[in-house]
Amino acid sequence: MSEATTFTHYQSAHCESGVSASMLRHHGFPVSEAMVFGLSSALSFAFLPFIKINQLPLIAYRMPPRFIVNGLRKLLQLPMKFETFGNAEAGMKRLDQLLAEGRVVGLQTSVFFLPYFPPSMRFHFNAHNLMVIGKEGDDYLISDPVFENVTRCASADLQRARFVRGVLAPKGLLYFLDGEPGKTIDREMVLKALKKTCRIMLYTPVSFIGASGVKSLAKALKKISGKKDEAYIKRYIGHVIRMQEEIGTGGAGFRFLYAAFLQEAGQQFNLPELKSFSTRLTAIGDEWREFAVKAARMSKGRLKLNTSELITFLENLSAAEDQFFRDLYAYVKAQ
Amino acid sequence: MQQKDVSQTHSDILQGQRKIVYALDDNGEYKRVPSSGWEAEELVTQDANDWFDQQAAEALSEYQRGQCSILKFHMFKRRMDAETLSQATGIWLWRVRRHLRAGGFEQLKSSLQQRYAEALGASVEQLLTIDGQ
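Protein chains in written order, with UniProt numbering: chain B, 1 to 335; chain R, 1 to 133.
Hints were generated in silico from the structure; no laboratory data involved. No experiment lies behind these values; they were computed from the predicted model shown. One thing to keep in mind: the hints can contain errors.
[Said to hold, decoys possible] 30 Å max Cα-Cα, derived DSSO-like pairs, lysine-lysine:
#1 R:K109 - B:K171
#2 B:K195 - R:K31
#3 B:K192 - R:K31
[Unchecked claim] Chain B regions said to be covered by chain R (calculated; three or more residues, Cβ under 8 Å):
#4 37-45
#5 120-134
#6 145-154
#7 199-209
#8 253-266
#9 309-320
[Stated by the list, open to error] Here are some of the chain R residues that sit facing chain B, going by a computed Cβ distance under 10 Å:
#10 D5
#11 G16
#12 R18
#13 A23
#14 E42
#15 G66
Built from N, CA and C at the ideal position, the CB exists for glycine as well.
So that you can see chain R by itself, here it is in the shape it has in the complex (with noise of 0.2 Å):
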């Protein structure tokens, strides 16, 4: 790659932030050059925002038809799955599971609500409402 064809596309993924890529200059040298982004990151990565946003969008959903509970709607909010949230919570799959069924995190005792609450970065309260960021 030329250091001329280092795309600059202002990234809304990166806002203003630049990276680094490494690009040959004139003269064949390679030198790093910052890009304000390119399209295939700002794409995949939009992409990849956008499925959380809809898999919390659809838990939401179901939770206000009694169908989950809302910590289903909390961990895709912040980018987890049951998987990363049972490995970043230390609870069995199985019992995350069980926890994202309705009404399975509202009547956990609140030991467990709090860890729930420390691997997602919130706190129990914020979990217990549907607008807690």
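For reference, chain B alone in the conformation it holds in the complex (with noise of 0.2 Å):
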């Protein structure tokens, strides 16, 4: 198999972005992770208290899986296939049949199943992705981009890890690039992304989307801090805070993400004033951050459980990217 020798592995801080972007640059258009999360308007907040992980409240800090690689089929005309299969030999061959061709595949697993992932890291989240760039004897090659080298997994593996059930369940998803992008990055794309991410940031027309949705997740804590035993508070604000570092990506990692972008936009496309938005945003991700700490001693009883501290911090935080926001949104409107 050849495409293991020319493939280049790039780890990077998200599966769906960096599958992405590692794809993009493997057909020679040469991306970052920042600037395919930042185009696809990747960021979101999302505190959905009626779907439940374990009892617990789903929380998101960005936009729902397939979101990212729909995305910017879209905004850059990719010719990307998908493929979902009613029985697993039929996806396997499927697989088989596509790296034959020479082709790097994307895929749709289960993160439960993968052995290559280190036991504490593995839980049943159905909508992980990686890239297979080859197949030696049993052993795939894959490439998964939050790891950092070319990873090994046995097809059997693999293939349980594709055709799990359940919520997200990938039904053995394959997707391909099949050509090159019909458009190219430029300004008014950018401008409209922005645009995009300000405006389910701000006017998601539900109070648990955006801003306000870190709103609601204070509230919510409210509402528990009275009514609910330590134990479970503590078990609460270590899942919300699981859900933000190891769901998420690392440290309030989509905040610094997405200020990477308008970092790497504001150069590539003039908008000087992108800069100074990509410092605020780094340090409210910084006090994302600190949030997590405090909150992740509190649950562990490093620190004595203040609730009332914890809310203060989701408030202040709502505001401040609320605030932040509109000024983005106003100052790309302006453009």
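With the hints as a guide, bring the two chains together.
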């Protein structure tokens, strides 16, 4: 298999933006993970108390799975093919066939059944993205963007990971680029993407998305702090942080990733003000990081549980993100 | 976050792996910086895993007292709860709950046991013993 020798592994903070950027780079379209993340308007915040994970609410710091790949496909007119399968054998056969054609194939998988994940990181999340770049014997060569190096996975394990059932079941989803992008990134595209993120963060007409979603989380925390016992509250805040630090990308990572996008876009497309917006968002990210450290220590009992301090953190973060995206929106609209 | 502030705690969670975080270098430019772990992630991930281990341990003693089926132990052992197990098997939650009760799994017909085994990534034989990993 020649692919493994020509493919360059590109470690990223987040799986979906990483796979998208790697695939484009592999097809001679040099783009960074941050640019991919920003262009697809993937930054968000969502507090979804009606969707439970292990009896606790779903909290997301970005748009839902497939949003990035689908967004990019439309924006850049990528000839991206998506295929799902009714049966596992057909799905594995098709993968082999595409690899034999020398393609790099993106897959949606469960995290839990990938043996190269450290055991502590394995949980039942079914929308992890990775690339298969070749096959040697029974092993697939995997470029998983959140790992440092190209790794291997036996076919039985990969099959299991591709065909799990449940929420966000991948149904063996594979995707690949079938040609060159129809468009290149330009200033208009960047401005449009910026506006879209501002609208998502400010004007989604439900209170649990965007900057107001952060406030909703603060409210929810307020509500349980009077009612539930300390063990539950600790578990709840631990869960909030886990969604931010582990399931999301490290240390309020999406805020930093978006700040990196603002910086890059400002330099490339003559939008000088984006540099100071990037600095502002970095400060907000640092604030999230501090919140995470505090809350994690409280959840673990290394700090005395002080729910009202965390609530204040969230209220401030909500206000800061609200003001940030208002100012950004005003600037972008004036361009 | 500055590059020099990127935490390197050699986290047990990552087992020598490093993750990418975005941080500013001395010139104020964003860079991809590898991190061997940071406190908040390590604490909360460990917590989440501990919760499952604790549930599994409780389920095991319940099972040994004849108060639940062995499936409950294996479910938590493999980091699922009744909801996720129901979704992963396509078996209604109320049925899953019934199968978690004492004797509820052991008496099932083998095709149903097989569905649980697939969802949990194990064999039926493994699910029928407590040390089946």
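Evaluated hints:
1. R:K109 - B:K171: Since the Cα atoms of K109 of chain R and K171 of chain B sit roughly 26 Å apart, the hinted pair holds (cutoff 30 Å).
2. B:K195 - R:K31: holds (25 Å)
3. B:K192 - R:K31: holds (25 Å)
4. 37-45: violated (count 0)
5. 120-134: holds (count 5)
6. 145-154: holds (count 3)
7. 199-209: violated (count 0)
8. 253-266: Coverage by chain R holds for the region 253-266 of chain B (7 residues, Cβ < 8 Å).
9. 309-320: With 0 residues close enough to chain R, the hint is violated.
10. D5: holds (9 Å)
11. G16: Holds, about 8 Å.
12. R18: holds (6 Å)
13. A23: holds (7 Å)
14. E42: With a closest approach of 8 Å, the E42 of chain R hint holds.
15. G66: violated (26 Å)
Checked against the numbered hints given earlier, the structure breaks hints 4, 7, 9 and 15 and satisfies all the rest.
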